[in-house]
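Going down the list, the sequences are from chains A and B.
Sequential numbering of the first sequence, starting at 1063, is according to this note's numbering.
Sequential numbering of the second sequence, starting at 329, is according to this note's numbering.
Hints may be right or wrong, so weigh each one.
[Claimed, not checked] Lysine-lysine pairs mimicking DSSO-like chemistry, simulated, CA-CA at most 27 Å apart: (1) B:Lys-373 x A:Lys-1200; (2) B:Lys-365 x A:Lys-1200; (3) A:Lys-1295 x A:Lys-1130; (4) A:Lys-1225 x B:Lys-402.
[Unchecked claim] To list a few chain B residues with every Cβ distance to chain A over 10 Å, as calculated: (5) Thr-337; (6) Val-350; (7) Asp-358; (8) Gly-428; (9) Ile-483; (10) Tyr-542; (11) Tyr-561.
The hints are simulated quantities; they were obtained by calculation from the structure and are not laboratory data.
All residues carry an ideal CB built from backbone N, CA and C; glycine is no exception.
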Amino acid sequence: MDESMILVDHITKEYILGQIGRTTLRDELQRLGARIRHREDPTQKIGAQQYERGDTFFALDDVSFELKAGERVGIIGRNGAGKSTLLKLISRVTVPSSGMIGLNGRVASMLEIGTGFHPELTGRENIYMNGAILGMRKKEIDEKLEDIIEFSECRQFIDTPVKRYSSGMYVKLAFAVAAHLDSEIMVMDEVLAVGDMAFQKKCLDKMNDVSRSQSRTILYVSHNMNTIRQLCKRCIVLDQGKLIYDGDVEEGIRQYMDAGGMSFDKKMDLISVPRLKGISRRILFVSAEIHRDNNVYTSHEPMDIVFSLKAENVQENVRFMMILFYQDGTRIGKTESGEFTVQPGINMVSVSVPNKGLADGAYYYEISILQRSRSFAREKCDCIPNVIPFVINNTEVFGVKGEMWKSNYWGHIMMDPIQVTSQ
Amino acid sequence: MEKAFHYKTTITSQHRVFDLHVRETLRYRDLIFLFVKRDFTAKYKQTILGPLWAVIQPLLTTVVFTIIFGRLAKLTTADAPGDLMIPGFLFYMAGNICWGYFSTTINDVSNVFIRNRNIMGKVYFPRLVGPVSSACSNLISFGIQFALMLVILLIYIFTGSAGVRITPMLLLIPLLVLHLMILAIGCGIIVSSVTTKYRDLAMLVSFGLQLWQYGSPVAYGLELVPDQYRGLYLLNPVTPILTAFRYVLFGTGYFGISYYMVSLFVTGVIFLIGLVLFSRIERTFMDTI
């Protein structure tokens, strides 16, 4: 179990910005000529500084970690954090600018579904094609062909060209090949995002199974925290090319949320947050306090917040409005409080926000203070977008323990169960 | 770097010049075979005539050559002095199928990175698999054309209308084709390596190939070349292959062993330079393409 399978040793990958694809032979010759004559580079832009660090971009910056046999590791990070670059390096698609990667075994890389699938070839032919691209010999594929067809659930269409397949069937076939590859290392980039629920579960089970029984090492990149939770025992968080966390999955996910610029603090300073235009500023948020160690809730737990507000004069008919967003910015819903009166100076207002019915996922709020005037018009006194990040993690879905919530299919609200009224 | 010792595969930015991945490429021969099969299937699926298309083009070119270079321009089809036994049609056809194979292969191989970037950008396999399978794919069309050529040759022989004969030398054809194939792969991978960075060269390829054809005895016999330039002309590595091809096929013509050896040597050098360049470029071409 403790044989080292992957070593990533101080890996840096640097890309030159703006240069790629603009070099022609003539430019290069001119540059060479200028260098020989110790002149300025004639192809260089005027004012551009030569060999500045700013001209390059570090997709990965000094990343190191080691994976042992049988480990299942999730890699998370925002877009552009360097996840895909890391997988590309491990898959040997390109080489690092510096550092070393050591691999102890064959790598089955699925950076994309069905690499090398040709639409004109039949399912069976594509199994051979895909398998060979992933490094299998024909004999190996022959031996496993039955298992692959069985797993793919495409037996009926196996001799039909894949251009007539549905996208789901395509994915199933592709995954089936990779899962049956005798590789010691499996590298996957968000490949389970497609395919139906039952098949996703089947894939996760299969990966869990091969990782345990054949002690295969799995490196998995996903934005879906639930699959990371299900599959992985360890988690690596990348942010802007740097490794910022390596360890426990839950802690890693928390770090990832933090890296998204939405850190959870027990006491959030709100008075210094820059405000948008269009607010009267008669009442302002000063701070928000949450007396909890983490920001993970089940949908049955209300969130208790103590807001501190500031006003010059007595303000009547005041209420809170909170708009709920999913982490990707999708608007989920709105809630408001009852009316209250704000006294001059600092006011502490405790509220309890019921997040009832929310499905698993990470959310945040936009908070506002509204005031009703005598003419019944409502006026916005203060508004702060993007605050109070929190995570809903339900232990069960409709009474089934350990079931995953698939927000990309089901949305973000777990409605109350249907009551069977007569039978 | 003592850490590297514990791992079967290591990936670093350093690269040894002669790290050519030849053995690894041979290990992936199943993939080469599958690529060839894929190219063939994909090319002729949903066409009515299928592989017949492989012979239509060289056949038409040969007819055109026979009319223009043979009847109108009256260029000689003799490779050796006094040798005019080969009917023009056979002469042009032999040259055309060889040159067709050579130029198509160079063209295909030189585009190998661009054509396969979807696959190569996602998964590792020895990149040399691409050029080799392209060359092998074209070998199928060549085989079909050659079979047709043999049939026509037999018709000529049975009707007794020409002084061509079939000799045991015909068995040397595969070696000549292998030679031509290696030369084509060599030229192709040099172009493909250079074009990943400088696209300029891609513009030159088809034009260059056209010029090269005029500099090779495809549309005329070797006898057309004045004696004083003959030596220089034969340094073109394709020339000895073409004349040798006709020599073994028709049992008459020109075969100079020393020039053939020079061609073999030049082929070897081009192929080696190609391999070195290719193995340098293949590691990072995904970043620049």
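Do the hints match the structure? See the list:
no. : hint                    : verdict
1   : B:Lys-373 x A:Lys-1200  : holds, 24 Å
2   : B:Lys-365 x A:Lys-1200  : holds, 14 Å
3   : A:Lys-1295 x A:Lys-1130 : holds, 12 Å
4   : A:Lys-1225 x B:Lys-402  : violated, 52 Å
5   : Thr-337                 : violated, 4 Å
6   : Val-350                 : holds, 17 Å
7   : Asp-358                 : violated, 4 Å
8   : Gly-428                 : holds, 24 Å
9   : Ile-483                 : holds, 36 Å
10  : Tyr-542                 : holds, 25 Å
11  : Tyr-561                 : holds, 29 Å
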